[in-house]
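A.B. asks: Sequence:
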Amino acid sequence: MKIRSPEIQPEFIAALQRQDAKAFEKLFALYSGLVYSIAFSSLADRMLAEDILQEVFLKAYHALPRFTGTRLSPWLGRIAHNTCIDLLRQQKKSPTVVAKPIEELHLSATEQVPDELPDMMNALSATEKEVLVLKKIEGLSYAEISEITGLAEGTLRNLLVKVIRSLQGVAGEQRL
105 MKIRSPEIQP EFIAALQRQD AKAFEKLFAL YSGLVYSIAF SSLADRMLAE DILQEVFLKA
165 YHALPRFTGT RLSPWLGRIA HNTCIDLLRQ QKKSPTVVAK PIEELHLSAT EQVPDELPDM
225 MNALSATEKE VLVLKKIEGL SYAEISEITG LAEGTLRNLL VKVIRSLQGV AGEQRL
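Read in order, the letters of the sequence shown are residues 105 to 280 in the working numbering.
For the record, the hints were derived by calculation from the structure and aren't laboratory data.
Careful: at least some of the hints might be erroneous.
[Said to hold, decoys possible] Simulated crosslink set (DSSO-like; lysine-lysine; CA at most 27 angstroms straight-line):
#1 Lys266 / Lys240
#2 Lys130 / Lys240
#3 Lys126 / Lys163
#4 Lys163 / Lys130
#5 Lys163 / Lys196
[To be verified] The calculated label-pair distances, taken between Cβ atoms and stated as ranges, are:
#6 Arg193 / Val265: 26 to 32 angstroms
#7 Gln158 / Gln272: 35 to 41 angstroms
#8 Asn226 / Thr174: 34 to 40 angstroms
#9 Gly273 / Phe132: 36 to 42 angstroms
#10 Leu162 / Ala247: 23 to 29 angstroms
#11 Gly258 / Arg122: 17 to 23 angstroms
#12 Lys126 / Val265: 39 to 45 angstroms
#13 Lys130 / Glu154: 16 to 22 angstroms
#14 Glu129 / Arg269: 38 to 44 angstroms
#15 Gln113 / Lys163: 19 to 25 angstroms
#16 Val265 / Ala118: 39 to 45 angstroms
This one's a predicted model, so the numbers in the text were calculated from it and none came from an experiment.
In this text, a Cβ means the ideal position worked out from N, Cα and C, and glycines have one as well.
Please model the entire structure based on the sequences and the hints provided.
C.D. replies: Below, the structure is given as structure tokens:
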């Protein structure tokens with residue numbers, strides 16, 4: 105199951121800008137999965153991802169009165185992406201890439217996941233993994249991913265093709 109950005113009504117954004125508690129609860133319910141996915145794919149640590157989740161929504165709460173856009177998912181995604189980068193810089197370490205546990209992926213019961221998925225995901229760079237998660241699991245458009253990562257849409261398309269070919273190659277090798 106891919107998560108699609110819900111249609112956002114101007115009234116909802118206005119309520120968020122007034123810092124209405126119920127509107128903020130709805131915002132959290134709608135986008136906490138996306139923010140957690142970005143944080144976990146960047147940091148590979150559940151506890152840190154949960155901390156980032158809280159920090160992102162705190163930052164969003166304070167920034168909402170100044171929000172001028174109409175699309176919340178790229179805006180929140182960008183806050184999450186930048187917060188993760190800031191944390192990694194602060195820790196002065198490279199991101200460790202590990203596979204997201206299968207139970208944390210937004211997959212339907214009918215989708216088949218190969219047993220080799222964790223090993224295949226470990227072979228990807230942090231950027232490759234983030235783009236793959238945002239496109240194929242979270243179901244974001246290239247435009248939304250571009251806003252989150254700062255990469256051009258064409259670059260994202262090429263990167264995703266490369267990643268998919270790489271994963272197909274690894275899957276083929278492991279089945280031989």
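A.B. asks: The structure should be examined with respect to each hint, and the outcome stated for every one.
C.D. replies: Hint check:
1. Of the pairs offered as hints, the one joining lysine 266 and lysine 240 holds, with about 14 angstroms between alpha carbons and a cut-off of 27 angstroms not exceeded.
2. A hinted pair counts as satisfied when its Cα atoms are at most 27 angstroms apart, and lysine 130 with lysine 240 qualifies at roughly 24 angstroms.
3. Annotation: proposed proximity of lysine 126 to lysine 163 holds, straight-line Cα distance about 17 angstroms (limit 27 angstroms).
4. The hinted pair formed by lysine 163 and lysine 130 meets the criterion: a straight-line CA distance of about 16 angstroms does not exceed 27 angstroms.
5. This hinted pair checks out: lysine 163 and lysine 196 have alpha carbons roughly 22 angstroms apart, not beyond 27 angstroms.
6. The beta-carbon spacing between arginine 193 and valine 265, approximately 30 angstroms, falls within the hinted interval of 26 to 32 angstroms.
7. Checked against the hint of 35 to 41 angstroms, the pair glutamine 158 and glutamine 272 passes, with Cβ atoms roughly 37 angstroms apart.
8. For asparagine 226 paired with threonine 174, a C-beta distance near 37 angstroms keeps the hint of 34 to 40 angstroms intact.
9. Between glycine 273 and phenylalanine 132 the C-beta distance comes to about 39 angstroms, which sits within the given range of 36 to 42 angstroms.
10. Between leucine 162 and alanine 247 the Cβ separation comes to about 27 angstroms, which falls inside the hinted range of 23 to 29 angstroms.
11. Taken as a hint, the range 17 to 23 angstroms is violated for the pair glycine 258 and arginine 122, whose Cβ atoms sit roughly 39 angstroms apart.
12. Evaluation of the 39 to 45 angstroms hint for lysine 126 and valine 265 yields a pass: the beta carbon distance comes to about 42 angstroms.
13. For the hinted restraint 16 to 22 angstroms between lysine 130 and glutamate 154, the CB-CB distance of approximately 20 angstroms keeps it satisfied.
14. Checked against the hint of 38 to 44 angstroms, the C-beta distance between glutamate 129 and arginine 269 comes to roughly 42 angstroms, which is consistent with it.
15. Taking the beta carbon of each, glutamine 113 and lysine 163 are about 23 angstroms apart, inside 19 to 25 angstroms as hinted.
16. For the pair valine 265 and alanine 118, the beta carbons lie near 40 angstroms from each other, so the given range of 39 to 45 angstroms is met.
When the structure is compared with the earlier hints, a violation turns up for hint 11 alone.
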